[in-house]
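Participant: Chains as they are written, first to last, in the numbering used here: chain A, 85 to 381; chain B, 124 to 397.
Calculated from the structure, these hints are not laboratory results. There could be a bad hint or two in this list.
Listed next, the stretches of chain B that the computed footprint assigns to chain A, with coverage defined by at least 3 CB atoms under 8 Å from CB atoms of chain A [to be verified]:
#	stretch
1	258 to 264
2	305 to 318
So these bits of chain B aren't anywhere near chain A, every CB distance computed over 10 Å [to be verified]:
#	residue
3	L185
4	F188
5	V240
6	P268
7	G300
8	V321
9	E331
From the three backbone atoms N, C-alpha and C, an ideal C-beta is built for every residue, glycine too.
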Amino acid sequence: MVIVGRRPARHRGEALAGLALASPALLVFTVFMFVPLGMTAYYSLTRYTGFGEPRFQGLDNFGQIGSDPLFWRALVNTGVFTVISVPLSVLGGLGLALLLNRHLPGRGLLRALFYVPVVISAVSAGIIARWIFNENFGVANRLLTGLGLPEVGWQTDGPAALASVIAVQVWTSLGFAMVVYLAGLQGIGAEVYEAAVLDGASRWRMLRSITWPLLGPTSFFIVVYMVITSFQVFDIVVIMTGGGPQNATTFLVNYAYDAGFEQRRQGYAAALGAVLFVIVMALTLLQWRAGRRRDVA
Amino acid sequence: MRARERRVTGWRLTAAVTLAAVVVFPLYWMAVTALSSPGVLTRPDAALWPTELRWENFTRPLQQFPFARWALNSATIAVVSVALTVVINLAAGYAFAKLDFPLKNTLFLAIVGTLMVPIQVIMVAQFQVVIDLGLVNTPTGVVLPRLAEAFGLFMARQFMDAVPDELLEAARVDGAGALRAFVAIVLPLSKPLVAVLVIFTFMWRWNEFIWPLIVLPDPDAFTLPLGLRFLQQQFGNDYGSLMAMSLLSILPMLVVFAAFQRYFVEGVARSGLR
Numbered sequence: 085m086v087i088v089g090r091r092p093a094r095h096r097g098e099a100l101a102g103l104a105l106a107s108p109a110l111l112v113f114t115v116f117m118f119v120p121l122g123m124t125a126y127y128s129l130t131r132y133t134g135f136g137e138p139r140f141q142g143l144d145n146f147g148q149i150g151s152d153p154l155f156w157r158a159l160v161n162t163g164v165f166t167v168i169s170v171p172l173s174v175l176g177g178l179g180l181a182l183l184l185n186r187h188l189p190g191r192g193l194l195r196a197l198f199y200v201p202v203v204i205s206a207v208s209a210g211i212i213a214r215w216i217f218n219e220n221f222g223v224a225n226r227l228l229t230g231l232g233l234p235e236v237g238w239q240t241d242g243p244a245a246l247a248s249v250i251a252v253q254v255w256t257s258l259g260f261a262m263v264v265y266l267a268g269l270q271g272i273g274a275e276v277y278e279a280a281v282l283d284g285a286s287r288w289r290m291l292r293s294i295t296w297p298l299l300g301p302t303s304f305f306i307v308v309y310m311v312i313t314s315f316q317v318f319d320i321v322v323i324m325t326g327g328g329p330q331n332a333t334t335f336l337v338n339y340a341y342d343a344g345f346e347q348r349r350q351g352y353a354a355a356l357g358a359v360l361f362v363i364v365m366a367l368t369l370l371q372w373r374a375g376r377r378r379d380v381a
Numbered sequence: 124m125r126a127r128e129r130r131v132t133g134w135r136l137t138a139a140v141t142l143a144a145v146v147v148f149p150l151y152w153m154a155v156t157a158l159s160s161p162g163v164l165t166r167p168d169a170a171l172w173p174t175e176l177r178w179e180n181f182t183r184p185l186q187q188f189p190f191a192r193w194a195l196n197s198a199t200i201a202v203v204s205v206a207l208t209v210v211i212n213l214a215a216g217y218a219f220a221k222l223d224f225p226l227k228n229t230l231f232l233a234i235v236g237t238l239m240v241p242i243q244v245i246m247v248a249q250f251q252v253v254i255d256l257g258l259v260n261t262p263t264g265v266v267l268p269r270l271a272e273a274f275g276l277f278m279a280r281q282f283m284d285a286v287p288d289e290l291l292e293a294a295r296v297d298g299a300g301a302l303r304a305f306v307a308i309v310l311p312l313s314k315p316l317v318a319v320l321v322i323f324t325f326m327w328r329w330n331e332f333i334w335p336l337i338v339l340p341d342p343d344a345f346t347l348p349l350g351l352r353f354l355q356q357q358f359g360n361d362y363g364s365l366m367a368m369s370l371l372s373i374l375p376m377l378v379v380f381a382a383f384q385r386y387f388v389e390g391v392a393r394s395g396l397r
């Protein structure tokens, strides 16, 4: 990130123009971002139903979160969801990008087709998926039966339900990883490979020793972005499973939404939000440090 | 060597087409289902291609439910969001990139820092603000809070930063003020930036679920994703109608994507995130 160097303030006029042009953004961010951030911090220390005044109770909410089995369940679910769906999306996206980077007939159309699931709403993706994974008439089970395999209880069996949600998440994020990787591949000059070709390196060797390391910053960005978004997963779950069966697909945001807007425990929901923020922040910093260490090595 | 090269291309093409078929299949199946009657769909030997054209799946729900109203709500929210996002971020992006004003860098860092704050973190408090401003069940209540999204400002500033200072200096020498230089020089150069802001903002607002779900409890105020969820609860196992309405809801997005495909790709590449 580049921050412009300080120039001597030429005119008062420039400062005024700058403030005037920036003021709509500053206003919006103040009212709808910075104030709510402060309120969230405060609410998280209170008991608040949305009616009357929030009642201060110190760190009680956080203590309750710590001993709330459903929170831990949601955290573990979100963790498993992230650990499986992010690598699948990232590696799948890389594979597609490598497949479609060099000349190929119909390349533009193919790229567009892989990107389509990214642009449709998560709600409609969830609705389609719910139908495909329908236990009685869904295509997924019909396919399994056709292959002589047993039918799967996509709505009644916990791990199967989680797997179906992961599948949809990967479906809607593959194209994004592909496009970012394609941009990254464009940044690698052909001359880098020429020496390797002269040395008789195999394709696999070039992928491992040249392409993959040079794509480091790209991979870093995709992984950070996808970890953050997978910790926010909500829409497809609401539509596909509603968090069930027996909370097998309850994720952090579903849980926080229920606490805040269904049960009206807004202080508790704010505390859950604060925890979510700390987790996302910590994961980003962790990946950032890992990225740096790798660059140094 | 030539022959080998051709064979490899052949394999790559086969692989790519097969994978594309798998990825597109759910959408294809949505279209087939949208044209089929429940009787056909629930047969164990139901075909994987359309065997009938049951337009009733489209016409009946359109008469029974305020789908058009929801589409209008979605369109209003998306279009107004797009317009405001573009104006606010172009102006602020220019100010943060090219003008000097007090606390500039601090403010910019504070705003960009919020890239790490998912809306779910502050949704309870944000909703309280919306209630206090009397904006529940209004499109404004959906639009305004989501303008506080650092992505647009970040992109705008990065883009404006790349506009050469010499161009602006030349205008200044000719006696143009900061605002004139913005309108005369920076704006005409900003078309690619505008395209990216328009497309991504439209997509995000058109598809958004959780925030409208919180702000718009009244069915008359629903956007399409909220309406679809409502229909899902209404239709139960009438998947034909549900798929027909889903299809209608994603159609505008597909058209926008087909028309501006180039910018989707460029936008991702340009976000400075290469």
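Participant: Compare the structure with each hint and give your call.
Facilitator: Hints versus structure:
Under the rule that three or more residues need a Cβ within less than 8 Å of chain A, the assignment of the stretch 258 to 264 of chain B is violated, with 0 such residues. Check on the stretch 305 to 318 of chain B: 1 of its residues sit with their Cβ under 8 Å from a Cβ of chain A, so the three-residue criterion for coverage is violated. Taking the minimum C-beta to C-beta distance to chain A, about 17 Å, the non-interface status of B:L185 holds against the 10 Å cut. No Cβ of chain A comes within 10 Å of the Cβ of B:F188; the nearest lies about 15 Å off, and the non-interface call holds.
Not every CB of chain A is more than 10 Å from the CB of B:V240 (nearest about 6 Å), against its label as outside the interface. Not every CB of chain A is more than 10 Å from the CB of B:P268 (nearest about 4 Å), against its label as outside the interface. A beta-carbon of chain A comes within 10 Å of the beta-carbon of B:G300; the shortest separation is about 6 Å. With a least beta-carbon separation of about 14 Å from chain A, B:V321 lies farther than 10 Å from that chain, consistent with its non-interface assignment.
Annotated as non-interface, B:E331 brings its C-beta within 10 Å of a C-beta of chain A; the closest such distance is 8 Å.
Hints 1, 2, 5, 6, 7, 9, counting from the list given before, are not met by this structure.
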